[in-house]
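Asks: Sequence:
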Amino acid sequence: MAEDLVTLAIAAMERAYAPYSNFPVGAALRAQNGAVFSGCNVENAAYPQGWCAETSAIAAMIMAGETRIVEIAVAGGGAGLCTPCGGCRQRLREFAGDDLVIHVCGPEGLRRTVTLGELLPLSFGPDNLD
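Residues in the sequence shown are numbered consecutively from -8, following this note's numbering.
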């Protein structure tokens, strides 16, 4: 099931705007209704103004009227795993639970699959505000 997300995340990585870090990242997520949304990181000369690939994909999902993520793939280069940054882990938590499946990819394909609970244990989410 994740093969399409992996392919789309790698394609999104290739479209990233990363002239400063030279570290392109792509993401593709599946919403609860089965629709798929992708995004890439977009850097800015004023560094804090850029945004992550996961943020772009989440924004596309919200614009389509969806609010629940069931699976995501994140693709980045380098020898290490390109997992969502701390801010994106929290953004993902807003729209998913600890059981969210995250496929961590490189340009060659899938490297590892983890859950959001593994990356963000004891998380704070919308249910904490009930």
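Read the hints as simulated data drawn from the structure, not as lab findings.
The reader is advised that the hints may include incorrect statements.
[Unchecked claim] Each pair of labels, with its calculated beta carbon distance range: (1) GLN40 - GLY77: 14 to 22 Å; (2) PRO112 - ALA55: 15 to 23 Å; (3) ASN119 - PRO39: 20 to 28 Å; (4) ALA55 - TYR8: 19 to 27 Å; (5) GLY77 - ARG102: 14 to 22 Å; (6) GLU5 - PRO117: 31 to 39 Å; (7) ALA70 - GLU5: 17 to 25 Å; (8) LEU72 - ASP121: 27 to 35 Å; (9) ASP118 - ALA37: 34 to 42 Å; (10) ARG6 - TYR38: 28 to 36 Å; (11) CYS76 - THR(-2): 20 to 28 Å; (12) GLY69 - ASN24: 19 to 27 Å; (13) LEU120 - PRO98: 15 to 23 Å.
Positions of the beta carbon are idealized from the N, C-alpha and C atoms, including for glycine.
Asks: Could you work out which earlier hints the structure fails to respect and list their numbers in ascending sequence?
Replies: 2, 10, 12, 13
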